[in-house]
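In case you want the letters, here they are:
Protein chains: 2
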Amino acid sequence: MEKKLTLTDIAGMDKRPRVQLINSLPGFKSVNLIGTMGEGGNTNLAIFSSVIHIGSNPPLFGFITRPVTVTRDTYENIMANGYFTINHVNPEIYKQAHQTSARYDKDTSEFSATGLTPEFIGDFAAPYVKESHVKLGLQFVEKHPIETNGTILMIGKLQEVYFPENCLLEDGFLDLEKAGTITGSALDSYYQPQKIARLSYAKPDRPLKEI
Amino acid sequence: MEKKLTLTDIAGMDKRPRVQLINSLPGFKSVNLIGTMGEGGNTNLAIFSSVIHIGSNPPLFGFITRPVTVTRDTYENIMANGYFTINHVNPEIYKQAHQTSARYDKDTSEFSATGLTPEFIGDFAAPYVKESHVKLGLQFVEKHPIETNGTILMIGKLQEVYFPENCLLEDGFLDLEKAGTITGSALDSYYQPQKIARLSYAKPDRPLKEI
Numbered sequence: 515m516e517k518k519l520t521l522t523d524i525a526g527m528d529k530r531p532r533v534q535l536i537n538s539l540p541g542f543k544s545v546n547l548i549g550t551m552g553e554g555g556n557t558n559l560a561i562f563s564s565v566i567h568i569g570s571n572p573p574l575f576g577f578i579t580r581p582v583t584v585t586r587d588t589y590e591n592i593m594a595n596g597y598f599t600i601n602h603v604n605p606e607i608y609k610q611a612h613q614t615s616a617r618y619d620k621d622t623s624e625f626s627a628t629g630l631t632p633e634f635i636g637d638f639a640a641p642y643v644k645e646s647h648v649k650l651g652l653q654f655v656e657k658h659p660i661e662t663n664g665t666i667l668m669i670g671k672l673q674e675v676y677f678p679e680n681c682l683l684e685d686g687f688l689d690l691e692k693a694g695t696i697t698g699s700a701l702d703s704y705y706q707p708q709k710i711a712r713l714s715y716a717k718p719d720r721p722l723k724e725i
Numbered sequence: 515m516e517k518k519l520t521l522t523d524i525a526g527m528d529k530r531p532r533v534q535l536i537n538s539l540p541g542f543k544s545v546n547l548i549g550t551m552g553e554g555g556n557t558n559l560a561i562f563s564s565v566i567h568i569g570s571n572p573p574l575f576g577f578i579t580r581p582v583t584v585t586r587d588t589y590e591n592i593m594a595n596g597y598f599t600i601n602h603v604n605p606e607i608y609k610q611a612h613q614t615s616a617r618y619d620k621d622t623s624e625f626s627a628t629g630l631t632p633e634f635i636g637d638f639a640a641p642y643v644k645e646s647h648v649k650l651g652l653q654f655v656e657k658h659p660i661e662t663n664g665t666i667l668m669i670g671k672l673q674e675v676y677f678p679e680n681c682l683l684e685d686g687f688l689d690l691e692k693a694g695t696i697t698g699s700a701l702d703s704y705y706q707p708q709k710i711a712r713l714s715y716a717k718p719d720r721p722l723k724e725i
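Protein chains in written order, with my numbering: chain A, 515 to 725; chain B, 515 to 725.
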């Protein structure tokens, strides 16, 4: 049976189930750990399910943050030093990744609290997650406050990326299933994707092929 | 072996592999069909992998569009009539969904070209995809042009949502695996997620439980 809910139905729900439901609705989401460093050298690590591709030339990625609530450190650190890392989550670290969403006090790094290892590479001004297999280093380029609810779209330009060499195909496709990257849904569920197919470039009047 | 690519390496790649690679880097992505209607009643349907959750109260979702290239119809229709639908993709329709990315001429609806069925429900001013199992109807609320590359973040407020009743748990969690929703990577690959676990709400000094 198909169920319909209207905006009024949703507004009438208790907060917790409403937040779960609405977070379920965009479909499966990327699961990434964003690493930053504060002015005093404090490291911060937080899980995000809103990282998206903004463009390929230049390579741009964005995510949504809340400025005054649980993810404030990420926002403040990026505003202070201009750099951040995006680290894919794999089955070996998803519990630690989830645990970074706990509200630790300001002096506690989520790295030490969860047992993930901060990795500083060269002079890049934000910590990577050593246990992650696909790691992006970005420089902040612009932000867009969302008027309707006060969240902020943060955008960074890729400076460097690390991944397992044997996951890169000749045509530029990076095999995330092979790299162990997982996906998520709602607020708290994690999934391992299994390939259905890769499809050829779509053109009118030409049948698709699996590639 | 871990491979490193810098911004310079990436800028030196050929366009097609660069676009594949950069599109692989945010991790697994939501796969959705966005349905709109033009001023003359023409229907349009396009696949997007950038739909994200922006907020739960009010329920807001966003996606990235390019105003002057392949997804122009989606943008123009939303600007013209203010409404759009977001429809989850499942294994039965992923080929048709992929095929909507072909550049059909202005007079051809991607619905008729791909064999997907436009579904008008009540007086909602945008077509749903009948074959989709999770369907969101949204009203446009704001847009944010991205300065660095000219793409646009479009944001809509949920007005109504349809889903299989037996996929909704008491706590508001919508079981997308049961609903048949799939995920994607890069430009052209589709995956079926298999559940690893749902984890309890994270608090400092309390171990996580599977729920």
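Quick caveat, the hints were computed from the structure, so don't treat them as lab data.
Misleading hints may appear alongside valid ones.
When chains are identical, the list treats them as one kind, so a pair holds in a single copy or across two.
[Stated by the list, open to error] With a straight-line Cα cutoff of 25 Å, these simulated SDA-like cross-link-like pairs (lysine to any residue) come out:
hint : residue 1 : residue 2
1    : Lys717    : Pro632
2    : Lys609    : Arg712
3    : Lys609    : Lys709
4    : Lys644    : Phe654
Model, not experiment: these values are computed from the prediction.
Exercise for the section: Tell me, please, which holds for lysine 609 and lysine 709 at an alpha-carbon limit of 25 Å: within, between, both or neither? Expected result: Answer is both; intra-copy 23 Å and inter-copy 14 Å each pass.
Exercise for the section: Could you place lysine 609 and arginine 712 in one of the four classes (within, between, both, neither) given a Cα distance threshold of 25 Å? Expected result: Between copies only: 10 Å across chains, 30 Å inside a chain, cut-off 25 Å.
Problem - Same-copy or cross-copy closeness of lysine 717 to proline 632 [CA-CA at most 25 Å] - result: between (45 Å within a copy, 21 Å between copies)
Handout entry: Alpha-carbon proximity between lysine 644 and phenylalanine 654, which holds within one copy, between copies, both or neither at 25 Å
Key = within (22 Å within a copy, 41 Å between copies)
Checked against the numbered hints above, the structure breaks none of them.
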